[in-house]
Amino acid sequence: MRKIISGNEALAIGAYRASASFASGYPGTPSSEILEYAKTFEDIQVQWASNEKSAFEQALGASIAGRRSFVTMKHVGLNVAADSLMGSSYTGVNAGFVVVVADDPGMHSSQNEQDTRLFAKFAQVPILEPSDAKEAMGFMQYAFALSEEYDTPVIVRSTTRVSHTQEVVYFDMHKLGGYENKLLAKNISKYVLVPKNAIARHKKLLERNAKLQKLSNETPLNRLEQGSLNIGIITSGVSYLYAKELLPNANYLKIGLSWPFPTEVAREFVKSLDKVIVIEELEPYIEEQLKASGIYVEGKKFFPQDGEFNLDIVEEGLIKASFLEKNQKKYFEVPDLPARPPVLCPGCPHRPIFDILHSLRVYVTGDIGCYTLAAAAPLSSIHTTVCMGASISMGYGIAKASLNHKIVSVIGDSTFLHTGLQPLIDAYVNNVAYTVIILDNSITAMTGGQPDAVSGFNIKNEPTPKVDLENLVRSIGIKRVFKVDQYDYKATKEIIEQEVNTKELSVIIATRPCVLAPKKIKDTPYIVIADKCIDCKRCLRVGCPAIGYKDNKAYIIEDSCTGCALCANVCPTSAIVKGDTNE
Amino acid sequence: MNKSIIFCGVGGDGIITASNICANALLRANFDVKKSEVHGMSQRGGSVNAFLVYGKKVYSLLPSKGNVSYMFASEKLEALRNVDYLSETSIVLINDRVVPIVGASIDEHEIDNHLKSFPFEKKIINFSEVAKLHNIIVKFCYFTKVYNLFLKRKTF
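Chains as they are written, first to last, in my numbering: chain W, 1 to 583; chain G, 1001 to 1156.
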């Protein structure tokens, strides 16, 4: 079949073709769609976990039970699952076990741009780097066999452009060979990492590394491409595609298996050529591997270490390296335009909370989710965001260290269940007085609306039991627990104000569902009665994209307004009314 | 020589959907096609663009600046934001619409003048009106079950 598919879809198809039958993960851009595609295969048991560590270990368990399994996450997710990765590198696997990690160079939707290749080296597990959807499918398929043959987890590293680029791929939907599931492995000396066993496993791991090193120098994944020019390029991932487009006639060493690095192949490659450079996104990983082996080639001298590559950046680097001649490229200059950053949706239930927090002038520790957008003007009401789950723990630290300030921690339901619960327990047992607001929209919204443990349904849309957040929080022992509906602006404001001024730990659960998922919510739009508008701009300060401003008056964009009434609630002259009101 | 199309607009406009339809049309016309886009934050009303490169054999998933053959913009400001990808020979379709930006004032007149100043061929059409009319037709089809006939044929 000839079809246009994305890298993420290709990864799911590759897993299916390799007879994988278990998958778990935690949503995170750009990795989220892999499981969304995988769930369409009946033979794969697919689930979302509470966090990446839980997902990783579920899949590792399935591997030990004899089924080929994989886990998906974004780059920062691997930080959360790092403990599991390190341990599983020692235990090895039973059936093939693949860890799919999608990096986000350029930080399209991330808090940093770490390079997962360094993690592979650290954990000493092989890592495969596909350049496009076609390779993503093939590499994913191969990863399971590699994992079994060498008794190791295997990382498949994608990047935003690999995951989200769609291209034409020829493939069929058949499983390869007749893979038989294995039996549940019972092997205490292999799977119980007490020091005695781990000492022996570490030696095994080093033996495995030597074998993998040999493989890396022989595998066709590390491919030589001859060109007519006497120059060479060592590259991997999407960088290969940009380079190939610009310099089709150079010699290429395209790295597909990046750790262990094919040092001997590179040594031979460099020998016969006049000049060789390295083109790689993010960290100088390949460059360092080469230099450590005494192969002196430059890379980061010509290409940036931060941000995402594109054709223009790679071209500029090739010119700097004298691989291309400088050309006088002409293109139109973009006029000075205001940026259009992403904002909270019209009707977003987070907006009233941040409008209230802004007006109370409290210090807010934030977390990862849509609500991080409230750090931007005009709401400007989040003061820290570091990583998943950090809001409650950092609020704890600030509240304890700075007694004179009013501290509020905000966290979404999915993030709370990811890594926010333990810090709340710490805050309770240590008597730290501050306010925690759980923004319970009952979905993982930012990544596209995946269900979590409070949604009441799973990835396949089947009903499931759900966690009751209020009971969960009360069961810790916390006394001051409140539920609010953000669309009831006045009541919500009263409770938040009251709790911020109480010298005790309190938890406020804000219960309005997301306006986008699982179903789109749209009520009668509001309108501005122009005669009553006094041009105070209060409604503009809630930062709603459905409110515009023209001729010294606010106006509401009918198509965008969902009728949440926040602007009507804050308007001092009641100039904003429901559209169907007869006035 | 490969050609390319840039689709640009505001999150929620259907830029990704438009580029999907186009990519599949090019696939059926036997081209090699690569389409690149970014999901995530951009779905929350931010600037969105998608690139489509097609030809006999395509390596790079992104076109280079000053080299894009066609542009489809669902908003005028976003069209301007991406002019660096265009050349004098580009053909540009722009929806006659400006979407306000939270906390910024936009002079629509100035935007129009800017757009006029570029030498490429451009058509500014009120697609939103066309779409609304279209929507009525689609809704009519839906309620009269005519829509089901289309659904039977799955393209994606």
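FYI, nobody ran anything at the bench for these hints, they're computed from the structure.
These numbers come from a predicted model, not from an experiment.
Hints are supplied without guarantee of correctness; some may be wrong.
Claimed, not checked - Computed cross-link-like contacts, BS3-like style, restricted to lysine-lysine with a CA-CA straight-line distance of at most 25 Å:
hint	chain 1	residue 1	chain 2	residue 2
1	W	134	G	1057
2	G	1123	W	134
3	W	214	W	271
4	G	1003	W	330
5	W	329	G	1132
6	W	320	G	1065
7	W	522	W	479
8	G	1056	W	134
9	W	503	W	537
10	W	39	W	121
11	G	1122	W	330
12	W	326	G	1003
13	G	1057	W	522
14	G	1056	W	300
15	W	537	W	520
16	G	1132	W	182
17	G	1057	G	1003
18	W	400	W	320
Outcome of the hint check:
| no. | hint | verdict |
| --- | --- | --- |
| 1 | W:134 with G:1057 | holds, 14 Å |
| 2 | G:1123 with W:134 | violated, 37 Å |
| 3 | W:214 with W:271 | holds, 20 Å |
| 4 | G:1003 with W:330 | holds, 18 Å |
| 5 | W:329 with G:1132 | violated, 41 Å |
| 6 | W:320 with G:1065 | holds, 18 Å |
| 7 | W:522 with W:479 | violated, 36 Å |
| 8 | G:1056 with W:134 | holds, 17 Å |
| 9 | W:503 with W:537 | violated, 34 Å |
| 10 | W:39 with W:121 | violated, 31 Å |
| 11 | G:1122 with W:330 | holds, 19 Å |
| 12 | W:326 with G:1003 | holds, 23 Å |
| 13 | G:1057 with W:522 | violated, 45 Å |
| 14 | G:1056 with W:300 | violated, 33 Å |
| 15 | W:537 with W:520 | violated, 28 Å |
| 16 | G:1132 with W:182 | violated, 57 Å |
| 17 | G:1057 with G:1003 | holds, 11 Å |
| 18 | W:400 with W:320 | violated, 53 Å |
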